[in-house]
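Keeping the supplied structure of chain A fixed, place chain B upon it in accordance with the hints.
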Amino acid sequence: MNKWYVDELYNAIVVNPLNALAGFLKQVVEKSGIDGVVNGVGKFIAYGSRQVRLIQSGQVASYLLIMILSLVVFFIIWFNDSTIIGFLNKLF
Amino acid sequence: MITLLLILTPLVTGLIALFLKQGNAAKNFALLASVAIAALALSAVFAPGTITYDASWLASIGSRITLKADGMAKMLTLLTAISFPVIFTAIYNNTYKQASSFYGLMLLSQAGLMGVFLASDALLFYFFWELALIPVYFLCSIWGGEKRIAVTFKFFVYTFVGSLLMLIGILFMYFNTADQSFSWQSFQAVELSAKQEGVLFWLFFIAFAIKMPIFPFHTWQPDAYEQSPTATTMVMSGIMVKMGVFAVIRWLLPMFPTAAAQSANLIIILSVIGMIYASLIAIRQDDIKRMIAYSSIAHIGLMSAAMFTNNATAMDGVMIQMFSHGVNVIGLWIIADLIEKQLGTTNMKELGGLAQKAPVMAILLVVMALANVALPLTNAFIGEFLMFNGLFQYNMVMAGIAGISIILAAVYTLNMVQRVIYGNVNATTEKASEMPFNIQVALVIITLMILVFGVYPQPLLDLTGDTVSAIFVNK
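In order, the protein sequences belong to chains A and B. Following numbering that gives the first Met the number 0, the numbering of the first sequence begins with 0 at its first residue and continues without gaps. Following numbering that gives the first Met the number 0, the numbering of the second sequence begins with 0 at its first residue and continues without gaps.
It is worth saying that the hints were derived from the structure and are not from the lab. Only a predicted model underlies this, so the values are computations on that prediction, with no experimental measurement involved. Any given hint could turn out to be false.
[Unchecked claim] BS3-like mimics (lysine-lysine), calculated; alpha carbons at most 25 angstroms apart, straight line:
{"hint": "1", "chain 1": "B", "residue 1": "K96", "chain 2": "B", "residue 2": "K146"}
{"hint": "2", "chain 1": "A", "residue 1": "K30", "chain 2": "B", "residue 2": "K340"}
{"hint": "3", "chain 1": "A", "residue 1": "K42", "chain 2": "A", "residue 2": "K30"}
{"hint": "4", "chain 1": "A", "residue 1": "K42", "chain 2": "B", "residue 2": "K146"}
{"hint": "5", "chain 1": "B", "residue 1": "K153", "chain 2": "A", "residue 2": "K25"}
{"hint": "6", "chain 1": "B", "residue 1": "K348", "chain 2": "B", "residue 2": "K146"}
{"hint": "7", "chain 1": "B", "residue 1": "K146", "chain 2": "A", "residue 2": "K25"}
{"hint": "8", "chain 1": "B", "residue 1": "K340", "chain 2": "B", "residue 2": "K96"}
{"hint": "9", "chain 1": "A", "residue 1": "K25", "chain 2": "B", "residue 2": "K348"}
{"hint": "10", "chain 1": "A", "residue 1": "K42", "chain 2": "B", "residue 2": "K153"}
{"hint": "11", "chain 1": "B", "residue 1": "K430", "chain 2": "B", "residue 2": "K348"}
{"hint": "12", "chain 1": "A", "residue 1": "K30", "chain 2": "B", "residue 2": "K146"}
{"hint": "13", "chain 1": "A", "residue 1": "K89", "chain 2": "B", "residue 2": "K194"}
{"hint": "14", "chain 1": "B", "residue 1": "K348", "chain 2": "A", "residue 2": "K30"}
{"hint": "15", "chain 1": "B", "residue 1": "K430", "chain 2": "B", "residue 2": "K356"}
Next up, chain B with everything else stripped away, as it sits in the complex:
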């Protein structure tokens, strides 16, 4: 029941928020709703074992509302549930035109994300996969930057092409299930020829690869991150990209183990190329937002490579990193948004000297930056270490090349810190002031998570352990 509530609460509160007359009321209502959802997700995390829910939906074609919250799903619903109150707190002082629509759509996208992470029925999964995309489309195209229409159009068409390939795959699988159902168990049990498995693997994988995104399917991302309203960018980069990683682990690997093993080399090579490639491009970015976007592609590349190493340690790392990257990148976006709101620019050429004007912000930016480099004592270190460990066992040369991206991450991240907070105050940064209270609250929550899980990641490992052992028990 709690799994159903995790989806229904954001859905219903989102619909209510859409129809609230006053923007301020919608804002407070959305914040309260998101806190309630976070409490729900926390209680799901502390409930023992896998929580399931099953109800009839489309009986004639054998699709049911089957929800399953195992460790990985609990962790990602928790990430989703924590992110939204943090985001709503951070943007509390921002003003949006038609604020009730804005907050309503944000909550609806949360409902879609929850559904994706919980669905254990392929049609339901596809339904939520699209449901998560549609509110984001409106959020970007109504509240985005100057080039929002063209960028959102590209983003939508790109991800939609992937989704349709997946839909074809889902239909093919459905007609080959023994009991004509969309359930995860039936999909996993489908007998396929090697040729069919090869084709189906790519139909699904391209959809997930676009969403993550991995090289070379990534070009929608920097534009979309830059042009979307920052609150939406936080949702996209913190949570939505995890949909792709999640879907590979939940659906792709169990359905097509042979094809996955055959394609592993190719995908790992692509991912590692993508890591180096995105890191190098990040070095040359002058805009903070675009730098974070490319940095994000590099981090996702490592997760994608680690998933296909067929190694339990690496998979543990992917689990932790999904959570950590979500938290850290939201922290970076909050600071980027603050700088943009205060100074009207995120171009690093025009910034500098913020440490003198806003010391607390400078300290917190350094914490987020070090977490982005995956320094020990930050949460990202644990995940990256485990993933590199697994990648090293798979192939030393690959691990070595991928390791260069850590150095490059230090180059672009610390370079950003240097250009933004050090140096002399100039005409633009003259008007900077210390961050307001609500942003401090949001960033302190994130800093706490960075440090706590950086020192003691065991609770996260315990939470997702059942998913990882279930993947490797059959092998």
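Next up, chain A with everything else stripped away, as it sits in the complex:
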């Protein structure tokens, strides 16, 4: 009697959709989604470090420019330290 097609019915309603969902979760959500984000953070940092490395060009002129800019930043912090600390305290 073909088992009244009970197995076929279960396969169609439960087993196959569940398998398809599981396959989607495994291949797409897990691999590209969640693990993709985790690995993406690592790749982004590696990429960022490579870009920052370019600053060390060996050209004295560009080092001089960076030095001047750093001095400007230094003095901005120097004269506004209480404002910055106050802002940080407000955040937390």
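Just chain B now, with coordinates in the frame of chain A:
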């Protein structure tokens, strides 16, 4: 004193093992040491009440060597202490290059784990939390599989990010303690604003969530379990993941009860999603090791959900399940390791017919598998039943959805059994033979624990009862 010995013995014997010239000597020495440690842990379990130890450490900043063995700590140190001799017995015939370093590092990781479970001083806790990680890092990156370097790097950075968040939290708490100390009591007594408590809760919780791991912080785990030497995987999945569960119960819930209650819904939903999600992915795994890894994520998800239901029954279940899951998963790994060593693969597509070649192994695999499904008469049933009971009282719909994971667990576990031991013997499984004596010994110990605690879990409940009632007495 016995609590201090539980940490010092693996530490000292581990250091000695590192410097032994002969690998064989180190192997036997480590096995003997682990048996001695198990005896120590057993005597601690039978000692009445909470055992404490207190000594001065870093006086200038107010950190002390304070150890506290209450019921939960005794149970987890016992799990740690029993696991190591079982693991060492199971891998007795395996050969490792530089075996003395391997066994030395294994014992050092045991020292770290013991410290985590016993420390009652936040700085000491953090110290051991990292100490447990470092030997595992070397174990995986030296003795692991092909992709070990990339996988171990990811595992280390991932868990370390969590640890540093926790360190920031610890420092913040320290500067707000009344008496400038790191002690558990002072940390618990810190007065915090609702906003501070909310932020600190997540700083700590993310560290613990990565360690457990719960969805979506779990992606380091399947890779790490697959690539690590199986003995280390047993330590990681059997004991190390319990560090996260333990830390939530010991530190997080007492320190931030309000924030925990507020975040409970979110965490329970995440945990339940993780249970279904990991179970579904486990169904589609072809590799035994990856299947066990995802199955483990699903089981931990239930523990994580149960912890936040604020229900004593569920907490009893978490206690039992921490022990049971540790025992059961080590059993599964022992069989996975045996199959890999004999046949060179853990890919289920290539396996089949092992029941004909190795009937004893087949029977024991079925026992481990049924325990993994949490069938009645196995230890896991008790814990899962209590946890579902608590979850049901918290929210019926959640319990219902989480319950689907039991069915899914049966699907992936029994499917694995079917693909590995039934069917016809093929070219790969032709060379399989019955398991050697040492593995039989290890698995018989595990089977006994599965059955004894499955029928009579009361000793475990009695042991951890004081911890559970201490959590709920203040509420």
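Are there hints from earlier that the structure breaks, and if so, what are their numbers?
2
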